[in-house]
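Quick note, the sequences are listed as chains U and S, same order. Count the first sequence with this note's numbering and you get residues 1 to 334, in order. Count the second sequence with this note's numbering and you get residues 1 to 329, in order.
Simulated from the structure, these hints should not be mistaken for lab results. It is possible that some hints are incorrect.
With the C-beta cut set under 10 angstroms, the calculated list includes, among others, these residues of chain U facing chain S [said to hold, decoys possible]:
| id | residue |
| --- | --- |
| 1 | S43 |
| 2 | D227 |
| 3 | H233 |
| 4 | Y263 |
| 5 | E284 |
| 6 | L285 |
| 7 | L293 |
All residues carry an ideal CB built from backbone N, CA and C; glycine is no exception.
Below, each chain spelled out in residue letters.
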Amino acid sequence: MSANTRDAAPLLRVEGLRKHFALTKGILFAKTLGHIKAVDDVSFDIRAGETLGLVGESGCGKTTTSRMILNLEDPTEGRILLDGEPIHGLRGEALSAYRARVQAVFQDPWSSLNPRMKVGRTIAESLIVNASRNRGRGDRAQIDARVRELLLQVGLRPEQAQQYPHEFSGGQRQRVALAAALASRPKLIVLDEPVSALDVSIRAQMMNLLKDIQAQDDVAYLLVAHDLATVRHMADHTVVMYLGKIVEQAPTASLFDDVRHPYTKALFSAVLVAWPGQAAEEIELRGEVPSPLDPPSGCRFHTRCPYVMPHCSQREPALREVSPGHFVACHLFE
Amino acid sequence: MTPDTSGETVLEVRDLHTHFFLRRGVVKAVDGVSFSLRRGEVLGLVGESGCGKSLTALSLMRLLPKGGARTIKGEVRLGGRNILECTPAEMREIRGRRISMVLQDPQTSLNPVFTIGDQLREAIVRRRRASGVPVMEEAVAALRRVEIAAPEQRIGQYPHQMSGGMKQRVVGAIAISGEPGVLIADEPTTALDVTIQLQYLKLLKRLQAETGMAILFITHDFGVVGRMCDRVAVMYAGRIVECGPVQRIFEAPQHPYTRALIASVPKMTGSVGRLATIEGQPPSLMDLPVGCRFASRCAHVEQRCLDAYPGTVRVGEEHTADCWKVMPS
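Given only the sequences and the hints, what does the whole structure look like? Please build it.
Put into structure tokens, the structure is as follows:
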């Protein structure tokens with residue numbers, strides 16, 4: 001766990017996290033056919049007010065990791081600590097207090113809001129829940145004032161609280177979802193592909209807004225994304241995952257200046273550089289991501305790696321520090 | 001890459017208008033679109049959702065959605081013939097053989113209850129010109145052409161047994177099985193992972209080099225445009241506002257909308273400061289302004305922009321823009 005020797009105590013610490021889903025056949029006398037190792041020994045820290053980018057292709061375990069951080073899924077092994085306290089096993093009061101501190105904004109603004117609820121009510125919901133937890137009933141005027149404040153904060157007009165989700169555009173709905181997430185003054189917001197469903201020009205607005213809010217409220221973000229340019233603009237640290245494992249982890253600036261792992265390199269060359277003729281080293285990966293049910297032995301990337309060596313299929317590479325704060329799991333750097 | 005200007009024009013679209021006639025009013029989704037496509041070239045059609053790029057493609061295929069959409073004006077010349085005048089029976093002959101289409105989601109393009117082989121065979125039998133080679137062999141060859149490993153086994157499989165990238169290759173194999181001169185690709189890689197997207201784009205390029213087909217590539221991603229296209233047309237509120245060679249559009253965009261759009265894309269190099277944004281919303285397609293459609297969001301708006309639509313101005317070699325500012329005074 002040397003990967004996280006950063007000075008200040010982290011807001012959120014993920015330690016040796018594993019999540020294995022059993023694949024079964026039959027209903028009554030279910031037979032376990034194997035385990036899908038969706039997340040396999042993942043560790044990282046998120047500090048207060050910082051953005052951590054989590055990058056990888058579908059099936060790499062980034063969504064499962066974020067679901068465990070949201071306490072929607074229990075890990076098979078390992079633990080997650082918020083301010084030094086383990087988060088799994090929380091019940092009742094403590095669990096709702098956790099939910100108030102860790103919020104989420106999901107990809108699809110069309111499905112994350114209740115179409116039959118005025119957006120003001122959606123935003124107020126967590127305030128009402130919190131108020132009833134603390135003092136029995138919430139003060140209505142106070143809640144209304146907070147909803148107005150939140151709408152202004154995300155760049156909407158206070159009177160729009162009276163509208164229904166269908167009256168908003170995609171970008172505006174994502175702002176409403178963000179306002180609802182901010183209502184309980186969380187310490188951490190999991191942003192699961194927050195801009196990928198939005199149009200290009202709206203994306204930039206949303207990204208600027210997220211940065212402004214972070215600067216005002218000192219909230220930390222876990223940004224789950226597949227678009228490297230988005231991560232570059234948003235994240236302070238970046239973690240790259242492949243088939244449930246971290247393959248590279250570094251401060252974003254250092255990662256983008258000095259890509260080490262062959263998989264990360266391939267991801268970078270797959271990013272279609274918007275300027276014709278700008279792409280430098282290009283790695284086109286052959287084949288597809290192997291099944292997590294039966295991941296390749298040794299380094300999980302060896303079946304697609306252009307630099308594969310004989311021992312790659314036998315030994316699994318450990319994450320090691322190649323330059324300050326920059327960790328790579330690859331036999332090329334041993 | 002400089003576009004090969006010598007290639008013959010295979011598709012010419014002139015002043016295309018496709019509107020939705022609804023009870024509430026007329027939605028002018030495609031409102032005066034003109035462009036041409038040469039043999040062996042890739043023309044990118046970019047724009048944000050609702051700008052009319054997909055409906056333009058469907059108008060070319062004459063596959064308009066049910067519910068009031070009609071092409072009311074314009075010409076679509078495919079090899080010298082206006083296909084808007086063809087009968088439905090003639091269109092069935094044209095689709096697949098002369099012009100073909102790949103859609104965004106391979107899951108919905110393939111029929112889940114038939115094997116890949118059945119679906120390929122159907123396309124091959126229908127579009128067959130010469131017989132002789134057994135259909136099955138031809139289907140295997142078609143799969144091999146789109147670089148599917150072990151095609152003999154894959155041919156008996158159902159779509160759910162394949163990954164998204166592989167399904168999109170099968171859709172591609174079906175689309176090009178009739179050797180069309182024009183392929184319309186409507187966001188074909190949006191549903192794919194980035195490394196798979198790269199594979200697919202390279203495959204399309206290779207197939208194009210082999211067959212010399214022209215591709216109309218619809219996307220909202222400037223990265224894809226930079227990698228794939230020779231020329232690019234930018235659409236806004238039902239019209240093409242700028243069209244030119246990719247290099248020129250990236251380096252010296254002339255229309256304020258193109259400039260703003262390119263500036264708002266996060267880059268992989270350079271500073272990571274605030275991104276430029278475009279304030280406001282596109283105009284309602286039911287109530288379009290008389291003047292320039294971008295005027296309400298444009299930083300350089302003047303009175304004449306509000307009074308009349310600027311018209312298409314030539315601003316360079318193969319490069320046009322619809323803007324008063326670029327008009328020679």
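Hints, one by one, checked against the model:
no., hint, in the structure
1, S43, "violated, 25 angstroms"
2, D227, "holds, 8 angstroms"
3, H233, "holds, 5 angstroms"
4, Y263, "holds, 9 angstroms"
5, E284, "holds, 6 angstroms"
6, L285, "holds, 5 angstroms"
7, L293, "violated, 14 angstroms"
The structure is inconsistent with the numbered hints 1, 7, although it conforms to all the rest.
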